[in-house]
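Protein chains: 2
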Amino acid sequence: MAHTLIHHEDLLVFTQQVMMKMGVSKANAFCVADNLVASNLRGIDSHGVGRLKRYVEGIKTGYIVPDAEPVIEKETLVIASINAMNGLGQPAGVFGIKKAIEKASNTGVGIVTVFDSNHYGFAGYYAMMALEHDLIGISMTNSEPLVVPTFSRNAMIGTNPIAFAAPTKSERSWVMDLATSVVPSGKLEVYDRTRKKIPLGWATDETGHSTDDPAQVLKNLYRGLGEGGIFPLGGEGELHGGHKGYGLATMVDVLCGVLSGGNYLRDLKFFKEGKPSHPRIGHFFMALDPSYFIDIDSFKTRMDDMIVRLKNAERAEGQGRIFVHGEKEFEEQDQREEKGIPLDDKTIESLIGFSEEFSIDLKFIESN
Amino acid sequence: MAHTLIHHEDLLVFTQQVMMKMGVSKANAFCVADNLVASNLRGIDSHGVGRLKRYVEGIKTGYIVPDAEPVIEKETLVIASINAMNGLGQPAGVFGIKKAIEKASNTGVGIVTVFDSNHYGFAGYYAMMALEHDLIGISMTNSEPLVVPTFSRNAMIGTNPIAFAAPTKSERSWVMDLATSVVPSGKLEVYDRTRKKIPLGWATDETGHSTDDPAQVLKNLYRGLGEGGIFPLGGEGELHGGHKGYGLATMVDVLCGVLSGGNYLRDLKFFKEGKPSHPRIGHFFMALDPSYFIDIDSFKTRMDDMIVRLKNAERAEGQGRIFVHGEKEFEEQDQREEKGIPLDDKTIESLIGFSEEFSIDLKFIESN
Numbered sequence: 146m147a148h149t150l151i152h153h154e155d156l157l158v159f160t161q162q163v164m165m166k167m168g169v170s171k172a173n174a175f176c177v178a179d180n181l182v183a184s185n186l187r188g189i190d191s192h193g194v195g196r197l198k199r200y201v202e203g204i205k206t207g208y209i210v211p212d213a214e215p216v217i218e219k220e221t222l223v224i225a226s227i228n229a230m231n232g233l234g235q236p237a238g239v240f241g242i243k244k245a246i247e248k249a250s251n252t253g254v255g256i257v258t259v260f261d262s263n264h265y266g267f268a269g270y271y272a273m274m275a276l277e278h279d280l281i282g283i284s285m286t287n288s289e290p291l292v293v294p295t296f297s298r299n300a301m302i303g304t305n306p307i308a309f310a311a312p313t314k315s316e317r318s319w320v321m322d323l324a325t326s327v328v329p330s331g332k333l334e335v336y337d338r339t340r341k342k343i344p345l346g347w348a349t350d351e352t353g354h355s356t357d358d359p360a361q362v363l364k365n366l367y368r369g370l371g372e373g374g375i376f377p378l379g380g381e382g383e384l385h386g387g388h389k390g391y392g393l394a395t396m397v398d399v400l401c402g403v404l405s406g407g408n409y410l411r412d413l414k415f416f417k418e419g420k421p422s423h424p425r426i427g428h429f430f431m432a433l434d435p436s437y438f439i440d441i442d443s444f445k446t447r448m449d450d451m452i453v454r455l456k457n458a459e460r461a462e463g464q465g466r467i468f469v470h471g472e473k474e475f476e477e478q479d480q481r482e483e484k485g486i487p488l489d490d491k492t493i494e495s496l497i498g499f500s501e502e503f504s505i506d507l508k509f510i511e512s513n
Numbered sequence: 146m147a148h149t150l151i152h153h154e155d156l157l158v159f160t161q162q163v164m165m166k167m168g169v170s171k172a173n174a175f176c177v178a179d180n181l182v183a184s185n186l187r188g189i190d191s192h193g194v195g196r197l198k199r200y201v202e203g204i205k206t207g208y209i210v211p212d213a214e215p216v217i218e219k220e221t222l223v224i225a226s227i228n229a230m231n232g233l234g235q236p237a238g239v240f241g242i243k244k245a246i247e248k249a250s251n252t253g254v255g256i257v258t259v260f261d262s263n264h265y266g267f268a269g270y271y272a273m274m275a276l277e278h279d280l281i282g283i284s285m286t287n288s289e290p291l292v293v294p295t296f297s298r299n300a301m302i303g304t305n306p307i308a309f310a311a312p313t314k315s316e317r318s319w320v321m322d323l324a325t326s327v328v329p330s331g332k333l334e335v336y337d338r339t340r341k342k343i344p345l346g347w348a349t350d351e352t353g354h355s356t357d358d359p360a361q362v363l364k365n366l367y368r369g370l371g372e373g374g375i376f377p378l379g380g381e382g383e384l385h386g387g388h389k390g391y392g393l394a395t396m397v398d399v400l401c402g403v404l405s406g407g408n409y410l411r412d413l414k415f416f417k418e419g420k421p422s423h424p425r426i427g428h429f430f431m432a433l434d435p436s437y438f439i440d441i442d443s444f445k446t447r448m449d450d451m452i453v454r455l456k457n458a459e460r461a462e463g464q465g466r467i468f469v470h471g472e473k474e475f476e477e478q479d480q481r482e483e484k485g486i487p488l489d490d491k492t493i494e495s496l497i498g499f500s501e502e503f504s505i506d507l508k509f510i511e512s513n
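Those sequence lines, one after another, are chains A and B.
Under the working numbering, think of the first position of the first sequence as 146, with each following residue one higher.
Under the working numbering, think of the first position of the second sequence as 146, with each following residue one higher.
Keep in mind that the hints are not guaranteed to be accurate.
Heads up, the list lumps identical chains together, so a pair's fine if it works in one copy or across two of them.
Think about it this way: if two alpha-carbon atoms lie no more than 30 Å apart in a straight line, the pair counts; the simulated DSS-like pairs of lysine-lysine are [claimed, not checked]:
#, residue 1, residue 2
1, 332, 456
2, 341, 414
3, 364, 456
4, 314, 342
5, 484, 314
These aren't lab readings, by the way, just hints derived from the structure by calculation.
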């Protein structure tokens, strides 16, 4: 696939400007742009500026309120509940994790739920914000129903990610960021575009059983009936632990939806009966200060030690390398900060569209 | 397989007495017995009284200190760090979750780590203790290395379970309790005993690749070299998300081992260089009061609603029922409380051994 490269700082400014043209404040537009570009930098293109189109459409359609500001509904020394007022997910997310960090800096722990929010980008972004304060960061969100509970045939739960970041001393931080489904929906789209069959065990058709046809899965999911969908982590049935992924996805929905006061399960759709509707997505943030349990230098040294031991584990036959979580993304970021971010044609097309619609300059490094 | 039935109260008293004969205090012996029998009652026989043999051996060998009492090392209003003094895991676990519950009842949150502990039984036991206080309970532990990191050939991480329990109104509580591996090691043992092949994707031999031979996997694991092992949830490699299970297992080890100050990764063995050694296992407990985020009645009603919706999801073709987490175990408990707990021959044999060794009466309901 031909890719066009763009410098991450140019992409950041462009994305921020597009959001501002949509009525978003400069500060909140920065939250969105920084999150999307950070995702591209880390190689998680499924959550990068390709999403900008959906945010613009969400504002135009009305299910995202562009000028909303998050409001604190409840607050104690260790806990806060935030109403995102149906605004963009990123400003609400940044507000939420900052609150959690502030509380953890004072008491050792901060736990914050956010309700009535929207898609907040990649979960790891918020967890990683805790690192510069020498805190452990945790971030979760619920999301539109794409995943089928074990033994069901309908998408009922989101791909509900869990992100966890822990500070280190000499090694790079340990950053886990995973959807609780076998694969993200973006992966089905890639297979569909390249006309490849998907492996059995990734997704189900309308019967509730494994299929190798990504087009059918996507058609079922996006025509809005939610028939079939992606399997939870562990795959179909219980043989390989699919009920565990189903459990983890539900746990995320309990914390982000049921507990926060926002929507959960199939109420998370942004179209209901053909009409746009606030999805009322919820997030859960936690910051934890290791120094309340063990001195911080020991914690970071022990994290280094764990990471080094994992990297140096004996490799399976035919395998060149054992990774620790976050490592691939940090290496990708080094590359992309230097050489630019490669964007696919569909994303380029949407950015050029915004450039024309809003008269904002769009500067690429090169085309190939 | 022929099973002998025993009444759960008789089994509790018997187990407690065995522990007391080993020099464990009455209260601590109750913690162990109640946890093991509760596991049997819920149908999780892998963590039931079949484990008693290992605890007795651990005390005899010296890596479990029978008369240890947990000591608070650090404490604030929301956090505590507990030294289990290499005693039994159950009394330390009960001490830990009770501390977390006490703190959550005062401030909304309690987070407690425990270090220098031993096997604490089934993780869900502690999470469920929060329920009677209308709190969410979370419980995790690290454990002896049985799981291979993605692309490795050696068991480096435990099956490190995550348990999460949330209170409900009319429905039974939602209780998730899962090992972060594809299967627990007990499952390989069952296949081995019945001379069945295991499905590919469960475990690896010494090459680091999938095998269908459970005997080989167990032989490799328990001869102490830790070659091969069980795959993390998601299976071999990254195709079905094995790196996600590897991430979750590592996260549990960060919280239970690195953060607590106890052992992590391969240091968790209880034999090192042929000599017994305290495994210095660690646990992580959290209790969270939903009423700090949303009123408690709403929370419980919303939990009910979520559970009912999941149960009533449309079933996959050929499937009779969709379960929610904890449901199967509650139903098993009803059965076993009424009819007795069925024990397998190996467990019976070990109990009869203790009955003779310690002159304690052992009363079965019937043999068949």
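Verification of the hints:
1. Within a single copy, residue 332 and residue 456 get their C-alpha atoms as close as 27 Å, and across copies as close as 29 Å, so both meet the 30 Å cut-off.
2. Taking the closest pair of Cα atoms, residue 341 and residue 414 come within 30 Å of each other only inside a single copy of the chain (28 Å); across copies the shortest separation is 45 Å, beyond that limit.
3. Taking the shortest Cα distances, residue 364 and residue 456 sit within 30 Å of each other only across copies (25 Å), while inside one copy they are farther apart (41 Å).
4. Proximity of residue 314 and residue 342 under a CA criterion of 30 Å is satisfied in neither setting, with 43 Å inside one chain copy and 45 Å between copies.
5. For the homomeric pair residue 484 and residue 314, the shortest alpha-carbon distance inside one copy (28 Å) is at most 30 Å, but the shortest distance between copies (56 Å) is not.
The structure shown violates just one earlier hint, number 4.
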